[in-house]
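> Can you join these two chains into the complex? Each is in its own frame, and there are hints to help.
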Amino acid sequence: AQSVTQPDIHITVSEGASLELRCNYSYGATPYLFWYVQSPGQGLQLLLKYFSGDTLVQGIKGFEAEFKRSQSSFNLRKPSVHWSDAAEYFCAVGASHGNKLVFGAGTILRVKS
Amino acid sequence: EPEVTQTPSHQVTQMGQEVILRCVPISNHLYFYWYRQILGQKVEFLVSFYNNEISEKSEIFDDQFSVERPDGSNFTLKIRSTKLEDSAMYFCASSAGELAVYNEQFFGPGTRLTVL
Chain C
87 AQSVTQPDIH ITVSEGASLE LRCNYSYGAT PYLFWYVQSP GQGLQLLLKY FSGDTLVQGI
147 KGFEAEFKRS QSSFNLRKPS VHWSDAAEYF CAVGASHGNK LVFGAGTILR VKS
Chain U
307 EPEVTQTPSH QVTQMGQEVI LRCVPISNHL YFYWYRQILG QKVEFLVSFY NNEISEKSEI
367 FDDQFSVERP DGSNFTLKIR STKLEDSAMY FCASSAGELA VYNEQFFGPG TRLTVL
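Keeping their order, the protein sequence lines are chains C and U.
In terms of this note's numbering, the first sequence is numbered consecutively and its last residue is 199.
In terms of this note's numbering, the second sequence is numbered consecutively and its last residue is 422.
One or more of the hints may lead you astray.
Stated by the list, open to error - Derived pair list, reagent style DSS-like, types lysine-lysine, alpha-carbon separation capped at 27 Å:
| id | chain 1 | residue 1 | chain 2 | residue 2 |
| --- | --- | --- | --- | --- |
| 1 | C | 147 | U | 389 |
| 2 | U | 384 | C | 135 |
| 3 | U | 348 | U | 363 |
| 4 | U | 348 | C | 198 |
| 5 | U | 363 | U | 389 |
| 6 | U | 389 | C | 135 |
| 7 | U | 348 | U | 384 |
| 8 | C | 147 | C | 198 |
| 9 | C | 154 | U | 348 |
Said to hold, decoys possible - From the structure, some residues in chain C lie toward chain U, with a derived Cβ separation under 7 Å:
| id | residue |
| --- | --- |
| 10 | 134 |
| 11 | 142 |
| 12 | 185 |
| 13 | 189 |
Since the hints were derived computationally from the structure, they do not count as laboratory data.
Glycine included, every Cβ here is placed at the ideal spot set by N, Cα and C.
Isolated chain U (complex conformation) (with noise of 0.2 Å):
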């Protein structure tokens, strides 16, 4: 069954520097996504992506954040300079269509990421 995979699955970083949360979604899905959670909170929405652009983002996501699709197969998230407060669970999901409502959107396991 295809699904979606995320590495690393725990990620350390100084304060301050940069990371990239790497996702695989599955192959012929077309919307992208990445959602967080900060340990004993809401999972919150990040960021929507589609055709090599941002479809929607949240108050989060601010200049610090950026995703891209590099290449066919890969989605990707970076944190251009981490502070403490980005500490969390990072999921990235994917679906097929846009409406969450007919188009169930598949999570990866997630990254953990922990700034120090």
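In isolation and in its complexed conformation, chain C is listed as follows (with noise of 0.2 Å):
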């Protein structure tokens, strides 16, 4: 069964700096992954989606996530963060069939100027 592990359950970065947030996951085969942020009071936002090609994806707001195989990681980073940023991270992978998406516990981003 898939399942998705982000272990870092807060964050804390300075405005600014860079951030890597991490997410391994278990699939059996070619996972599709996902990174979703909320906002306080907002929904789930699609950031970016990898699922062929290049390793390296681009998202909105300046994120971007890199597919490693062989560490089965999915790691979201931003060169320089705003305070904007601030917000709940959750990875996510889907089966290659269907629509349903398993998640991770979700990684809390907090910034400080």
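What follows is the structure, given as structure tokens:
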């Protein structure tokens, strides 16, 4: 069965610093991977996704993620964090068929000025 | 920009009571979903719904749960007899097509259900 692990429950970074949020997945076949963000009072918003091709994918709001099959990872990165990036970030994996998403527990990002 | 809306934002109920959580998906979407997140735990898939039928459900989605699209705009989740462990944030989502990799699932802001 698919599963997703986000090892960091909370991360605090300074505004302008770089960011990396970790995500490890378990899935037998080629995974379809997603990063979602949830700001307070908002729904989950898709940042980016990977299903094939270039292992470095670009998303909205200046985020990128790199798929590393050998490490079963799909870490989210941003070179310079803005205060508005403070939110909860969820990594998810999708099956090759169907439409169910399996989420990690989320990482809460705090940005200090 | 179209969005998924959910009402109420917070629902408090007594154990054993029935609750109905409401969602208005994006108007031209055909696939609808419920997920939930118990505090401190992962977001979990409950059910997907298409063409007035459940297309997939998880083991969490037992006989106490039901979903319905009562009219052309609403999508509801009913919990017949709530338990303490049903306390969670419930997210509704919708998509234009089936496969998650090709069809973004748009999520609502959630309904926080508290069972006392």
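> With reference to the structure, classify each hint as holding or not holding.
Hints and how they fare:
1. For the given pair, residue 147 of chain C sits about 40 Å from residue 389 of chain U by alpha-carbon distance, which is inconsistent with the 27 Å threshold.
2. With a CA separation close to 31 Å, the supplied pair residue 384 of chain U and residue 135 of chain C exceeds the 27 Å bound.
3. A C-alpha spacing of about 17 Å is found between residue 348 of chain U and residue 363 of chain U, which places the hinted pair at or below 27 Å, so the restraint holds.
4. With a C-alpha separation of about 26 Å, the suggested pairing of residue 348 of chain U with residue 198 of chain C holds against the 27 Å cut-off.
5. Restraint check for residue 363 of chain U and residue 389 of chain U: satisfied, since their Cα atoms lie roughly 19 Å apart, inside the 27 Å limit.
6. Restraint check for residue 389 of chain U and residue 135 of chain C: not satisfied, since their Cα atoms lie roughly 36 Å apart, outside the 27 Å limit.
7. Distance hint between residue 348 of chain U and residue 384 of chain U is fulfilled; the C-alpha atoms sit about 21 Å from each other, no more than 27 Å.
8. As the CA atoms of residue 147 of chain C and residue 198 of chain C are separated by approximately 18 Å, the hinted pair is consistent with the 27 Å bound.
9. This hinted pair checks out: residue 154 of chain C and residue 348 of chain U have alpha carbons roughly 23 Å apart, not beyond 27 Å.
10. Interface restraint check: residue 134 of chain C against chain U, minimum CB-CB distance 11 Å, threshold 7 Å, status violated.
11. Taking 7 Å as the C-beta contact cut-off toward chain U, the hint placing residue 142 of chain C at the interface is violated, the least distance being around 17 Å.
12. Satisfaction of the interface hint for residue 185 of chain C is found here, the shortest Cβ-Cβ separation to chain U being roughly 5 Å, below the 7 Å cut-off.
13. With a least beta-carbon distance of about 4 Å to chain U, the hint placing residue 189 of chain C at the interface is held under the 7 Å criterion.
Going through the hint list in order, the structure does not satisfy hints 1, 2, 6, 10, 11.
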